[in-house]
Structure formats: C-alpha cells, structure tokens
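2 protein chains.
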Amino acid sequence: MNRPFNFSAGPAVLPEEVLRQAAVEMLDWNGSGMSVMEMSHRGKEFISIYEHAIKDVRELLSVPPEFSILFMQGGGIAENAIVPLNLSEAGQTDYVVTGNWSERSQKEAQKYCTVNVAASNRESGHTCLPSPASWKLNDAAKYVHLCTNETVHGVEMHEIPDLKALGSNAPLVIDFSSHMASRPVDWSRVGLAYGGAQKNVGPAGVTLVFVRNELLGRALPHCPTAFDYKTVADNQSMYNTPPTYAIYIAGLTFKWLKKQGGINAIEERNIAKAKLLYDYIDASQLYSSRVAPACRSRMNIPFFLNDASLDERFLAGAKEYGLLQLKGYKTLGGMRASLYNAMPFEGVQALVSYMREFEQTKA
Amino acid sequence: MNRPFNFSAGPAVLPEEVLRQAAVEMLDWNGSGMSVMEMSHRGKEFISIYEHAIKDVRELLSVPPEFSILFMQGGGIAENAIVPLNLSEAGQTDYVVTGNWSERSQKEAQKYCTVNVAASNRESGHTCLPSPASWKLNDAAKYVHLCTNETVHGVEMHEIPDLKALGSNAPLVIDFSSHMASRPVDWSRVGLAYGGAQKNVGPAGVTLVFVRNELLGRALPHCPTAFDYKTVADNQSMYNTPPTYAIYIAGLTFKWLKKQGGINAIEERNIAKAKLLYDYIDASQLYSSRVAPACRSRMNIPFFLNDASLDERFLAGAKEYGLLQLKGYKTLGGMRASLYNAMPFEGVQALVSYMREFEQTKA
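Heads up: the protein sequence lines correspond to chains A and B, in order. Counting from 1, position 169 in the first sequence corresponds to residue 169 in our numbering; the numbering is continuous, with no gaps. Counting from 1, position 271 in the second sequence corresponds to residue 271 in our numbering; the numbering is continuous, with no gaps.
Calculated from the structure, these hints are not laboratory results. Just to be clear, a hint being listed does not mean it is correct.
Each pair may be met inside one copy or between any two copies, as identical chains are not told apart.
With a straight-line cut-off of 25 Å between C-alpha atoms, the simulated BS3-like cross-links for lysine-lysine are [what the hints assert, rightly or not]:
| id | residue 1 | residue 2 |
| --- | --- | --- |
| 1 | Lys-230 | Lys-330 |
| 2 | Lys-258 | Lys-55 |
| 3 | Lys-319 | Lys-275 |
| 4 | Lys-44 | Lys-330 |
| 5 | Lys-44 | Lys-319 |
| 6 | Lys-255 | Lys-330 |
| 7 | Lys-111 | Lys-230 |
All values derive from a computational prediction rather than experimental measurement.
All chains, full assembly: derive it from the sequences and hints.
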C-alpha cells in the first residue's frame, strides 16, 4: 500500500527510505547488538554516527570551516532566548519582523537586550517582505535577526541580504528552521543560522546551529552552561547528553539528500513543486494565495478557499484522497501545504488533482 | 539470535518489546499512514500519544494531582540551571553534595543564587552518604537540592529525607534521573523531581519534570520562556515543539512497565538483580566495590579489579561474551554495570558468570 502524502508544517514528512532504514536497524545498529537509542553517547558507535552527520551536513550545505556546527535542544523557540543570551551582550540588537516567528523572536529577546525593530511587514498582514533598503539598522547593534522563511505566513526571503552593503557591520543571525537544507546558503552573509530539525532534517528534539567561531565566548553570565554556544562547541555538542536518536535520523536524512544529488538538485525539485501548486492556485477561481508573488515560500504555502464554509468538506475529502495535515495555522485559518524536501513531486500532483476535482464537483 | 546485554549508564538498554513495537510502527502508527516522527504535535494522533503517556506515568508512579508532569528538553544538566531560574528567586538555596552530579548542580546554581552546601561526602570520595541529621540547612533557603542516585559514584538514597522533620520548610528538589521509575517515590516529601529519560524511561532528548503546582510562577525575569515551568505546564509541554518521538518511546516504556506489574514489581526485580551482583563482588577476591553497603545504588554499580592492568582484558572478554558497555566513568576508572529496569535478571546472571570465569581462569 502507498503511504498517504503528509503536508504537515512540522514535525513533518520524512523520506520513506530513511524510515525504512531506521526500522530495520531499530534493534541492532550495524552489528553492534544495540539500538541507536541504547548507545552511550561517549561510545565509538555513536561517535561515528555523530561524526558522519557533521561531515555530511557540512559538505551538503557547503559550510565553511570558520563555522562550528552544533546539535542543541529546545528548537527555534528556545533559540529565541539562547541567541540574545549568547550574542547580545545585553546591548542593542536589530530585529526584522516578517511574520509570526520573528514577532516571537523579538519579543523574547526583550528579556535580554534592547530590541530595535528595524523593519516590519505587520501592516500588510505579513504577506510581503520589507525591502532591505528600507530597514532602519542601528550602528550599535550586536547582531541583526531575521527569519528567512516564515512557516505560518508563508513568506520566504529568496536572497540573504548583504548587511555590509546596507551599511551595517553587525553579524546576521538567521532563523532558517523551515527551509534549512532546501536551498543553498550564502554563508559569507551569515554570522549564525539556527533551525529546528523537524521540517527538512529529522524529528523534533534537535536544533542545528551554525555559528562563526569568532562569535563564540560572548555569553551573558546567566546563560545556562548547556546553552552557551562556546561550551557546546568545545564539547562537540556533548556537554549534556545529546538527543542521540534524533541526530541519527538527521544523519540518515543527510545521506538521503546526498543521494538525491545534493542541495542544488533538491532546490530544483522544490522550485518545481512550489510552481506547480502556485500556478494552479493562481489560475483557479476557488483558491487564492494572499502572499505577494516575489516573496512566496517554496516550503509553506498557505491558501484559502473563497468560501470558508467549504473548509471542512475540503479537508475531509483530502483525507479520503490520502492527503494529510492540510489544515491552516490556528490564527490564520484556511489551508496550508508544506512541501518540504521529503514531499515527492507526485504528492503535489495528487494535491493539485484533488483541488481541481473539488473545485469542479463539490464547490 | 539473542541480543547482547548492554550495561551502559545512559543512554541505556530499552525493553526489547518496546523497540520491536517502535520498529513495526515506524512507517505507519496505528493506521494513521504516518510515522510518529512525522506527526504534527497539534494533531489528534500525537495528542493521544501524549495524553496516554502522561496518564500512564502518573498512574505508575502514583503522582498526586497537585503535581504537574512536564516533558522538557536539555536533560539533567540543563535542569541544573532551569531549577534555580525557576525556584531560587535569586535568594538562598541549600545543596547536598553526594557525587559528580550534585557537584555539577551546585556549581551551575551559583550563577543564579547563593548556594549553601549543606552537606558533602567529598572527603569519602563520594562513597557514603552524609546522614540527613548532619545537614546544615539554611532557614532562608528557597529549596533544598539533592541527587537521590549518583550515576557516576553509584550511591543511592534509599529513603527520601523528610525535610520537615529536619526543621526545614523549604521544598525538596530531587534529581532522580538515574533511578526514576525504578522504585516508588514518597511524593509527600518532594517539591520537584526531574530526570533525563535516557536511563529507565526512553531515549535521550526528553526530560521529565514533576512539580508541585504551588511552585509554578516563580521564575526569574531572565528565565527563557521555553524553560519557565509555568509556561510549560500551561501549554501541556507544547509551548515549543516537544521531542515527540522520545515522548512516544517513553509512553511505550510506561506501558511495558505496567505489564511487568508496575513499580513495586519492578523494584523487587531491581533489588534481586543488584543483590546478585553485589553479593558476588563482596565474596570475590578479584573484584571490589568502594561504596558503603548502606548506600549502594541498585542502578549503577561501579566495581574495580584489584589489578587495573587486567581491565582491558576484562572488557575485551566481556564483549566476546555478549556483555557491552561495562567500562567505568572516565574520572573513576574500573568498571560500571548499570542495571536499569530493562536489564533482565538473566543479564546479571551472565555478567556474574563471566566475572567468575574471568577470575578463575584469566586473573
């Protein structure tokens, strides 16, 4: 039997190959006689899993050697505190607000530092992105924070801004949780990038942090030691017991991504998948996207039926059709299709077929 | 083929039944068409997993209704900061030092509050426990912190002290990571208990916190919101995305524990397993335990060969015999056998047989 297509915004679909391998290895990883869950994180078996995962993600995303790669816990929401605890020095910081997630980031940061909202798209209902040229950056900012893909509102920054060209010398911090590993990253423009794994990379419970080594060692005195980037880096993410199984699944996903042809190949597929759905939505009479075309996310595609009273029928029919978790975010309503790396092209084709059939027959 | 016996101190052995069920359900949980890793934490499928896990652990451990049960991230080491961030009010606190873990706890707490070391067994090399009657408790302490089982040194508190009888009105905070769910807990003596799951309960990456509701809402202003117990409790552990798969495995483990007859039955087995090993060690000429009999841990049993030059041969032979991860903690040397709930009696019998054979033939 074919598995249904799962459009959850996260935790989200994983490659079937990864899950199959995890099932096969559940009781005995590589002849060790142990499940990966049962291994000491200090033993040679888990160290080898960890080292392969780090090597593969560094290679996949072309992460330069001047960055450390950390596996942490708490997800993007914990990073909302951990970033200012590590980088703000209790001084000035710039936050660009582009949707639900960056709103939460700037709000949490206010506990630790002075937050300057350098730009905001609130007035548009978070449906378009403020042009970097319009940002009011602060010379004294210790960093500039940006969410490069907003999972709830479905806006994506298709180019990482060049802060130097905008006159700022601050490091750029990006929350790239929901499009991490879906496209290449221009690391020359980034100081720190973080993301929860539960979109494109693995299960919930592990956060990936990519940080320039020059930014390590600036934590505030009341930063918990387990969340001090320098401590985490100095201890190869094993100052506290790492979420070993989640790291293992992330490692399998990195190997799967390499087999798909790497990040450039996966980006091409992601472009084609998103185009198929947006083109259909734009041509239809029943469905609409509220996001300006130039900043539409490839990963998270909120859309609305022009008659919200049809929503429940649409969702019930989708489930029968084998299309799961399409319900929109609680505060936005409507629908949302998340097209992460592990969503095959056939899944988007099936979604569009169902949407067309629903429009023609039921609406 | 039989699986080898895994004596790791954590992450540690899990019940084979739990792993088999996880493998079977990996691609399709309960007919949902999804792996548990792929489910939205807000969907009815995962909510049902979460609710069963909470209900089962509350029943298993007889947790009274005035306690909230939280699933958090970061393990015991993160809790070393999270506890004082939530409960110290930047005031006075009492810490009892009984080994490696409580040493780390009191050190981290110094970032947030004034730490009074009420008692310490440092002079004994952490091989016996300071009698509660000798503790120098501070009237102004916001809480008293205790590690009731020290994983590294192998000392266990077999009765939770009654602070009221010792003249203190402070709530008692216990780190019970490495013996959680191995024995009953007298909750009337506890204000808060925390433990990483990776010993008796599940994989690394989820921390269980049991906290009296009257202690919620005291967090310091710079406590990260994701680690504020009140926020976590108010949001059913879903303020940030919880480590869903780790919670699922913990839930399967709780069901397995119930099938074993519950905590009293598992405690009896744990007593019998520990007795078998300690009795053999005490009777042997080659092996010794350095821990005073009255405070020996049932869970973590460090032991030493009287000639350390035999250690490598002992470990290599053990591995051939199907006995894994017996090497002692890096700073202590020697051996350590962890006999968590999921270690069958037969595993301890096999260990004792091997030790006897090694003593008779190789030493």
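(message) Within a copy, between copies, both or neither: which one fits Lys-258 and Lys-55 at a CA-CA cutoff of 25 Å?
(response) Within one copy only: 12 Å inside, 42 Å across.
(message) With identical chains, the pair Lys-44 and Lys-319 could be close in the same copy or across copies; at 25 Å between alpha carbons, which is it: within, between, both, or neither?
(response) between (44 Å within a copy, 14 Å between copies)
(request) Indicate which option fits the pair Lys-230, Lys-330 if close means a Cα-Cα distance not exceeding 25 Å: within, between, both or neither. (result) between (37 Å within a copy, 23 Å between copies)
(request) Check Lys-44 against Lys-330 for me: Cα-Cα at most 25 Å, and say if that holds within a copy, between copies, both or neither. (result) between (45 Å within a copy, 14 Å between copies)
(message) With identical chains, the pair Lys-255 and Lys-330 could be close in the same copy or across copies; at 25 Å between alpha carbons, which is it: within, between, both, or neither?
(response) Neither way: Lys-255 and Lys-330 sit 34 Å apart in one copy and 32 Å across, limit 25 Å.
(message) As a check of your reading, is Lys-111 near Lys-230 (CA-CA no more than 25 Å) within one copy, between copies, both or neither?
(response) Close inside one copy (21 Å) and across copies (17 Å); limit 25 Å.
(request) Have a look at Lys-319 and Lys-275 and pick one of within, between, both or neither, based on CA distance no larger than 25 Å. (result) within (23 Å within a copy, 55 Å between copies)
Hint 6 from the earlier list is the only one contradicted by this structure; the remaining hints agree with it.
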